[in-house]
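Novice: The sequence shown begins at 1 in full-length UniProt numbering and counts up by one.
Since the hints were made in silico from the structure, they are not lab data.
Among the hints, a few may not be true.
[As the list claims (entries may be wrong)] Lysine to aspartate or glutamate pairs mimicking DMTMM-like chemistry, simulated, CA-CA at most 20 Å apart: (1) Lys484 to Glu429; (2) Lys163 to Asp127; (3) Lys310 to Glu246; (4) Lys171 to Asp104; (5) Lys208 to Asp260; (6) Lys533 to Glu246; (7) Lys502 to Glu490; (8) Lys449 to Asp413; (9) Lys433 to Glu451; (10) Lys533 to Glu319; (11) Lys529 to Asp61; (12) Lys171 to Glu319; (13) Lys529 to Asp127; (14) Lys484 to Glu535; (15) Lys58 to Glu535; (16) Lys433 to Asp413; (17) Lys495 to Glu319; (18) Lys449 to Asp427; (19) Lys502 to Glu323; (20) Lys377 to Glu271; (21) Lys502 to Asp491; (22) Lys163 to Asp231; (23) Lys58 to Asp104; (24) Lys171 to Glu271; (25) Lys495 to Glu323; (26) Lys377 to Glu429; (27) Lys449 to Asp491; (28) Lys484 to Glu451; (29) Lys444 to Asp427; (30) Lys163 to Asp61; (31) Lys163 to Glu246; (32) Lys449 to Glu429; (33) Lys377 to Asp427; (34) Lys444 to Asp413.
[Said to hold, decoys possible] Distance ranges between label pairs, derived from CB positions: (35) Glu490 to Thr395: 15 to 25 Å; (36) Lys495 to Glu323: 13 to 23 Å; (37) Met378 to Ser446: 21 to 31 Å; (38) Trp118 to Val480: 48 to 58 Å; (39) Pro538 to Trp118: 46 to 56 Å; (40) Phe153 to Thr440: 46 to 56 Å.
Note that CB positions come from ideal geometry on N, CA and C, so glycine has one too.
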Amino acid sequence: MLTRKQSLRGETILADYGPDENNADNNDINWVNKLWVRRTLRVCALLSLVSVSMNTPKTFDMHPELVYLTFTIDLVVTFLLTAEMIAEMHIRGIIKGEIPYLRDRWCQFDGVMVMCLWSSVILQVFDITGVVPRYSYWCVMRSPRPLILVRVFRFFLKFQLPKTRIESIFKRSSQQIFNVTIFFLFFMSLYGILGVQFFGELRSHCVKNGTDPNHVTINNLAIPDSYCSRDPNVGRRCPVGMVCMELTLSRRERGFNGFDEFATSFFTVYESASQEGWVFIMYRTIDSLPSWRGFVFFISMIFFLAWMVKNVFIAVIIETFAEIRVQFQQMWGSRGGTADSDSSQVLCGDTDGWKMVTIDENKPRGLAPPFFQRVLKMTWFHILILLLVLANAITAATIHFDHVYIDPYQKMDHYYYTEVIFTLLFDIEALFKIWCFGFTGYFKRSLHKFELLLVVGTTLHIVPVFYRTHMTYFQVLRVVRLIKASPMLEDFCWKIFGPGKKLGSLILFTMCLLIITSCVSLQLFCSIKDFHKFETFPQAGVHAHVPTTQPGGVGGHHGRNNGRCRYTPGAPSGSVFRAHPLGHDRGELA
1 MLTRKQSLRG ETILADYGPD ENNADNNDIN WVNKLWVRRT LRVCALLSLV
51 SVSMNTPKTF DMHPELVYLT FTIDLVVTFL LTAEMIAEMH IRGIIKGEIP
101 YLRDRWCQFD GVMVMCLWSS VILQVFDITG VVPRYSYWCV MRSPRPLILV
151 RVFRFFLKFQ LPKTRIESIF KRSSQQIFNV TIFFLFFMSL YGILGVQFFG
201 ELRSHCVKNG TDPNHVTINN LAIPDSYCSR DPNVGRRCPV GMVCMELTLS
251 RRERGFNGFD EFATSFFTVY ESASQEGWVF IMYRTIDSLP SWRGFVFFIS
301 MIFFLAWMVK NVFIAVIIET FAEIRVQFQQ MWGSRGGTAD SDSSQVLCGD
351 TDGWKMVTID ENKPRGLAPP FFQRVLKMTW FHILILLLVL ANAITAATIH
401 FDHVYIDPYQ KMDHYYYTEV IFTLLFDIEA LFKIWCFGFT GYFKRSLHKF
451 ELLLVVGTTL HIVPVFYRTH MTYFQVLRVV RLIKASPMLE DFCWKIFGPG
501 KKLGSLILFT MCLLIITSCV SLQLFCSIKD FHKFETFPQA GVHAHVPTTQ
551 PGGVGGHHGR NNGRCRYTPG APSGSVFRAH PLGHDRGELA
């Protein structure tokens, strides 16, 4: 098969690093294209993110001075970004031109952010003047503002590929994502319909004998409140002294999930597919109806929706990134060995002929004589170091910490002196390597940097004041060095984590995503009174990413019900029962 070598000269290169970089070659150079201006605008984006994270009613109640500080920051940032938008429109053109402003996606994003900033400033003016109450749902208009953080990092998203290749990759991947989405919606709709047909409305609860169904109090219900079946042959039986009765409760009282109609069933299937509290919904169906229905429905639903469809989504994403990586390799070629590898070799010739030598042999060495250079490269030396690491790990595993000690010098036992010996040996190893490699050669390997970090941390750890404190973590991290004992394990870890720069980029991306979602959720829910989980940014950061498992509905038994009917101190015993809103499996007094 003949293959045609594709030239890159005739194709348009797509530089995906933002509109503020695309005009560097424009003849009409003005202030908006200068480097210091672009950096200033990135700082403005960071300030805008900080401002919106402080812009909540509870934060202003605790720190009233932040009202005018956030308003000033928003006003300055809005004016600067508006000036940039006007300058970009002047250079590019609004609709007509080579790359008009309204037809560039990054420019569209910047324009939307400017509109959000203006709406936020106007809203805060109304808030300061008292036109809009402090706890107003209009603050939802600020929720898109945290996305402005993208402006800070899109400068680092530089990559160049032929435009035709980029379009083909995104077209194929978008088609795959569309197909998987249709596949997911099909199963969601299927199980939504099956839920209505299998279960329907579940309203039977265990109540005391003689209970008036039109006036149910908390004292009439079983504790915990339990679903039941009126058919004596299936479902759960109520305890002695109680009867199974159908109760007419509103959605706010009994929760917003169930299988009453298709819309509610569809939402319940989505909630269950997230694997968050789905077992409690299944227990409700088992208590109310024949148990085989709940088993068949929920087991098959978890298999198809929670496992299979999710893995298909992951496979599509992995395939897209793999294809982009192949495109880069075709353009740039393989990168070869890494700089940290000791196995990189070159072909060199001398009086004895040609031979393969490692690159490190041609690098400048330290002050150590050749004999010690050879000792450092011997296998038995590395085996001895690994045996020391293993012995230290076994010793550390036998330590039993007694936190009763107050005086740090009372912790000086035989383990302490053993740790001092291990630390001195590893310190000597690090100094020996520096002596052989030299400072330049030693710090070129990331593994040596990690070993030096452990040396510094464990040396501080043997200081009596720091012994058996948080500095112990450095001692525990020595176990990581045992990865070198298995080349397969070392290669596997390298493939997973990669070089430190890539791992750091992944961590940075995750942190940015966490900050953005926290700020968005903060602005969406901070206006809800008496809802304390999203009042300030620290609370939003915790609750937006560590969701609590709250089962839906008010059913269950045999320890399966996570909730209990909640009593309010001082409330009358005849208070009417009301199920906790938002589907929480709890009861409270009305």
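Novice: Does Glu429 lie within 20 Å of Lys377 when you go C-alpha to C-alpha?
Specialist: OK: Lys377 and Glu429 at ~13 Å, within 20 Å.
Novice: Hint check: Lys533 vs Glu246, CA-CA at most 20 Å. Holds or violated?
Specialist: Violated: Lys533 and Glu246 sit about 35 Å apart, past 20 Å.
Novice: Between Lys495 and Glu323, does the CA-CA distance stay at or below 20 Å?
Specialist: With Cα atoms ~18 Å apart, Lys495 and Glu323 stay inside 20 Å; holds.
Novice: Is the Cα-Cα distance between Lys529 and Asp127 20 Å or less?
Specialist: holds (17 Å)
Novice: Would the hint linking Lys449 and Asp413 be met if the CA-CA limit is 20 Å?
Specialist: Given that 20 Å is the threshold and the Cα spacing comes to 31 Å, the pair is violated.
Novice: Straight-line Cα separation of Lys484 and Glu451 no greater than 20 Å?
Specialist: holds (12 Å)
Novice: Starting from Lys502, check that the Cα of Asp491 is at most 20 Å away, please.
Specialist: Holds, at about 16 Å.
Novice: Assess, step by step, whether the Cα of Lys484 is no farther than 20 Å from the Cα of Glu429, and give holds or violated.
Specialist: holds (16 Å)
Novice: In this structure, is the beta-carbon distance linking Trp118 and Val480 contained in 48 to 58 Å?
Specialist: Since the Cβ atoms of Trp118 and Val480 sit about 51 Å apart, the hinted range of 48 to 58 Å holds.
Novice: Straight-line Cα separation of Lys433 and Glu451 no greater than 20 Å?
Specialist: Given pair Lys433, Glu451 holds - Cα atoms ~11 Å apart, limit 20 Å.
Novice: Between Lys433 and Asp413, is the straight-line Cα distance small enough, at 20 Å or below?
Specialist: Outside the cut-off at roughly 31 Å; violated.
Novice: For a C-alpha distance cap of 20 Å, please report whether Lys163 and Asp61 respect it.
Specialist: Since the Cα atoms of Lys163 and Asp61 sit roughly 52 Å apart, the hinted pair is violated (cutoff 20 Å).
Of the numbered hints given earlier, the model fails hints 2, 3, 5, 6, 8, 10, 14, 16, 20, 22, 23, 24, 30, 31, 34, 39 and 40; all others are met.
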